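Order-wise, the sequence lines are chains P and S.
Read in order, the letters of the first sequence correspond to residues 1 to 481 in my numbering.
Read in order, the letters of the second sequence correspond to residues 1 to 368 in my numbering.
Please keep in mind that the hints were generated in silico from the structure rather than gathered at the bench.
Mixed in with the good hints, there may be bad ones.
[As the list claims (entries may be wrong)] What follows is a list of derived Cβ distance ranges for each label pair:
# : chain 1 : residue 1 : chain 2 : residue 2 : range
1 : P       : Ile378    : S       : Ala209    : 32 to 38 angstroms
2 : S       : Arg331    : P       : Gln461    : 29 to 35 angstroms
3 : S       : Asp270    : P       : Glu455    : 39 to 45 angstroms
4 : S       : Gly194    : P       : Gly371    : 51 to 57 angstroms
5 : P       : Val176    : S       : Tyr229    : 55 to 61 angstroms
6 : S       : Lys253    : P       : Glu53     : 46 to 52 angstroms
Remember, predicted model here, so these are calculated numbers, not experimental data.
Glycine included, C-beta positions come from ideal geometry on N, C-alpha and C.
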Amino acid sequence: MSRDVGLARTLKILGPSWAASPVRRLIQTACLVGFLVLFFWVCWPYGSKQYAEAFGAREIVDAELFLVLDPLVSVTTAIASRMPVWSLVVAAGVILASLLLPRAFCGYVCPLGTLFDVFDWLLGKRVRLLRSERAGWWTHTRYCLLAVVMIAAVCGVLLSGFVAAIPVLTRAMLFVPSPVQMGLRKGWYLVPPMNAGHVLSISLVALMLGLASLGRRFWCRCVCPTGAFFSLCNLLRLRERRVTEKCVRCGRCVDACAFGAINDDFSTRPLNCASCRTCSGVCPNNVLQPAGFEHGFNALWTPKVVADWSGCEPSCNNCGQVCPTGAVRALDLEEKRAARIGLAQIDHGICLPHAGREACQLCVDECRMAGYNAIEFIRVGGQVDENGLPVEGSGYLAPIVREDRCVGCGLCQMRCRGINVKSRHVLAGSAIRVVAGPGREDRIVSGSYLALNEERARRRQEEKRVEGAPGGSDYLPDFLK
Amino acid sequence: MRLARLVAVVVGIGSLCAGLCDAQSQTPAKRTRAEVEALIRQMGTTQPDWWDSVPLAYPPTLDLDWPLRDNGPWDARRNVGQYLWDVVNPNPDRWREGIKLVNHLMIRNKDDRAKLASSTETLGRMFHDLMEDYARAVFWWRIAAKYGGYVEPIDLAHCYWILGCREMAVETLSQVPTDYTRHGALIKLWADMGDIDKALKLAEEKASAGMPTVAYLAAGDACRLAGRYEDALAYYRKASAAIDAQGREGDVKKGKERAQASIEAIQLFDMLDVAKVPDGAYTADSIAYAGPLHVEVEVKGGKIQAVRVTKHQEKQFYSALTDTAKQIVARQSVKGVDAVTGATMTSEAILNATAKALAGAMRKAGGS
Numbered sequence: 001m002s003r004d005v006g007l008a009r010t011l012k013i014l015g016p017s018w019a020a021s022p023v024r025r026l027i028q029t030a031c032l033v034g035f036l037v038l039f040f041w042v043c044w045p046y047g048s049k050q051y052a053e054a055f056g057a058r059e060i061v062d063a064e065l066f067l068v069l070d071p072l073v074s075v076t077t078a079i080a081s082r083m084p085v086w087s088l089v090v091a092a093g094v095i096l097a098s099l100l101l102p103r104a105f106c107g108y109v110c111p112l113g114t115l116f117d118v119f120d121w122l123l124g125k126r127v128r129l130l131r132s133e134r135a136g137w138w139t140h141t142r143y144c145l146l147a148v149v150m151i152a153a154v155c156g157v158l159l160s161g162f163v164a165a166i167p168v169l170t171r172a173m174l175f176v177p178s179p180v181q182m183g184l185r186k187g188w189y190l191v192p193p194m195n196a197g198h199v200l201s202i203s204l205v206a207l208m209l210g211l212a213s214l215g216r217r218f219w220c221r222c223v224c225p226t227g228a229f230f231s232l233c234n235l236l237r238l239r240e241r242r243v244t245e246k247c248v249r250c251g252r253c254v255d256a257c258a259f260g261a262i263n264d265d266f267s268t269r270p271l272n273c274a275s276c277r278t279c280s281g282v283c284p285n286n287v288l289q290p291a292g293f294e295h296g297f298n299a300l301w302t303p304k305v306v307a308d309w310s311g312c313e314p315s316c317n318n319c320g321q322v323c324p325t326g327a328v329r330a331l332d333l334e335e336k337r338a339a340r341i342g343l344a345q346i347d348h349g350i351c352l353p354h355a356g357r358e359a360c361q362l363c364v365d366e367c368r369m370a371g372y373n374a375i376e377f378i379r380v381g382g383q384v385d386e387n388g389l390p391v392e393g394s395g396y397l398a399p400i401v402r403e404d405r406c407v408g409c410g411l412c413q414m415r416c417r418g419i420n421v422k423s424r425h426v427l428a429g430s431a432i433r434v435v436a437g438p439g440r441e442d443r444i445v446s447g448s449y450l451a452l453n454e455e456r457a458r459r460r461q462e463e464k465r466v467e468g469a470p471g472g473s474d475y476l477p478d479f480l481k
Numbered sequence: 001m002r003l004a005r006l007v008a009v010v011v012g013i014g015s016l017c018a019g020l021c022d023a024q025s026q027t028p029a030k031r032t033r034a035e036v037e038a039l040i041r042q043m044g045t046t047q048p049d050w051w052d053s054v055p056l057a058y059p060p061t062l063d064l065d066w067p068l069r070d071n072g073p074w075d076a077r078r079n080v081g082q083y084l085w086d087v088v089n090p091n092p093d094r095w096r097e098g099i100k101l102v103n104h105l106m107i108r109n110k111d112d113r114a115k116l117a118s119s120t121e122t123l124g125r126m127f128h129d130l131m132e133d134y135a136r137a138v139f140w141w142r143i144a145a146k147y148g149g150y151v152e153p154i155d156l157a158h159c160y161w162i163l164g165c166r167e168m169a170v171e172t173l174s175q176v177p178t179d180y181t182r183h184g185a186l187i188k189l190w191a192d193m194g195d196i197d198k199a200l201k202l203a204e205e206k207a208s209a210g211m212p213t214v215a216y217l218a219a220g221d222a223c224r225l226a227g228r229y230e231d232a233l234a235y236y237r238k239a240s241a242a243i244d245a246q247g248r249e250g251d252v253k254k255g256k257e258r259a260q261a262s263i264e265a266i267q268l269f270d271m272l273d274v275a276k277v278p279d280g281a282y283t284a285d286s287i288a289y290a291g292p293l294h295v296e297v298e299v300k301g302g303k304i305q306a307v308r309v310t311k312h313q314e315k316q317f318y319s320a321l322t323d324t325a326k327q328i329v330a331r332q333s334v335k336g337v338d339a340v341t342g343a344t345m346t347s348e349a350i351l352n353a354t355a356k357a358l359a360g361a362m363r364k365a366g367g368s
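Only chain P is shown next, with the shape it has when bound in the complex (with noise of 0.2 angstroms):
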């Protein structure tokens, strides 16, 4: 009995939330915590270079799950795409969940409305200059929100990454903690800079936490249209909590209750992309960088090849399998090694080679070691001595690609920029380049790339070939025997 006491005074300590509901708050604490270690740890795409090996031994859990649990998240994908996302099971699940416990997500899963908790406890509720409990029109803001980014789903435009819950958090993280976790482990010129992209989506942070100083949870009230579609499932709820006719009317629970529930009375953008940046982050050296603005207000924050930064890692398929509304495909390795995103292209005026100025390899060795081999070298500016054969040691090697292997991974653009451009500065840009579009790369939502390849070379070779059955001649004609 005087342990229990004890407990409850401990409980008391920590807050009059802890007292009234411990469970709950265990509960939000396990799920930030989890949130916290998918997010810097399971996420954490470095160690190993055997990337999808590793991603896999460590996700014992998905990495994607509290952006699958963020039901609005699924819903308007599924809508915007006209087609079914396999998270739509989850979200089921979840809205299921809401008619029994209404709202029981905001309460006790989203890791966003914790910290809205931790930041109130630490800060919002010290600084009482702008605090409001006062409810207003702009409570309503949510259910606008929501209309809006559903109505934008209809027309077929994905506008809920911007605003829903799970999406703005893991946005928020990968733009702030992230770089500063890269900086700190691996060194902080391996950031990658910031474009007018990041400034706003770190200014609507700021904006966030200015708005949680108005009042307790204010984003969660009166923004978050994750939370007004909850709101919405609550008029099919099947059991609610209510104020009984025992109340002795003390007040305490309307301190206590964070959402004002007890008051007085109470283009071109990737078609399913919902801008959550998770894929960022499990991509090792930050190939995925998210868009600014220079592909329009759609394609904001949606992930993008940087392959002037760094290409695509054959032995890693992270951002596929953490994807949560299936943007990009989840591709096993071979298939992902198979799938062209795009095609590199050389510009002959200023390879070094075939500019004539001096031999280099970097792009046909890089591609050799990344398994393609779609990179292959011609002789170039040779000369011919009077016999009419070559000069040995005259002209260069030069590289030429093979439309048939590359896969567009953006690995050669590194490697001429990382050499050529920024450390030996003979260049002004580097002189191989990914370049996407039709004819350039494939993006089936279904079937095998493997399977399309395949039938890829058998077009070409019944085009290409001139004679010969496959095998060719013998080796040794009868003659010779």
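Please arrange chain S on chain P, whose structure you already have, making use of the hints.
Just chain S, lined up with the frame of chain P:
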């Protein structure tokens, strides 16, 4: 520009080391004359195991008649020899396909004896130069000779030596009293076969016959292979200082560059003696995967105390940064250190930079 030269030197050193190591590890299995003959017959008459899996492939623009002398201007899309030179030879991925093409054209043009001699000689050369398949090379060269083609005896002797019969090699070389080759192939072969004296004698003859750069370069390689580093340095210096009466301009220029690179390589790697390096911390850099990599080597009492990578831009593989450094300290040498798998370039850059730092310190100490 300086950096460009440095890259060239480092790359040069790397490949030179690799070349020499290959030669040293290449102590062929011994075989009798009968065994070598049996091997040539057996391999030569059997198709390589990859034969059926490689399709016959070539550009449709190719002139399949393959005339003995190419017509018109240089055109690798039309002339077979030029296609082999420009497209097939530089790309290991195309070697098998190239051999199949030559084999196909040999059969296609078999009624012309001269063409048959030429195409079988080319087949032998491809097996020798590209596939390092010496039994099949001899097999095809013998057919070429039968149809009146010219086969280089030094290359044949090389095959016999690699296949394990020194006796056959020596017998073939008895037809070749002097080194008339562009790159000193005869000198190199005698050195490979362990007869350094013979190699050096041939080199002196070749030098007085008007091709000193190539001759002394080959002599230097011979000495380096035998571990006679001081002699090698002397020959390389002679090679870089020599004035040639004969020989192609390009060969001489390349030869001098290689001699210079070999001098550096010997001083950096072969003659490096940590015991002669005074106490202190020395720094140097080398190009690694993503850019320059700087190391600091600490020497105390003639021992490498520590190797630290002080600056680098590598994106991955931190293990190379610590593991290679650890290995250097453990071995007290930059030779025989295993590159970290998947980070070869990082490891090699650490080795090169460490060697440069130590050699620089040694040179300074020796000079003062």
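Quick rundown of the hints versus the structure:
Range check, Ile378/P to Ala209/S: Cβ separation about 37 angstroms, and the 32 to 38 angstroms hint holds. A beta carbon spacing of about 51 angstroms between Arg331/S and Gln461/P contradicts the range 29 to 35 angstroms that was offered as a hint. At roughly 54 angstroms, the beta-carbon separation of Asp270/S and Glu455/P lies outside the given 39 to 45 angstroms, and the hint is violated. Gly194/S and Gly371/P have their C-beta atoms about 39 angstroms apart, which leaves the hinted 51 to 57 angstroms range violated.
Distance hint for Val176/P and Tyr229/S: a CB-CB separation of about 58 angstroms, consistent with the stated range 55 to 61 angstroms. In this structure the supplied range 46 to 52 angstroms holds for Lys253/S paired with Glu53/P, their Cβ-Cβ distance being about 49 angstroms.
Going through the hint list in order, the structure does not satisfy hints 2, 3 and 4.
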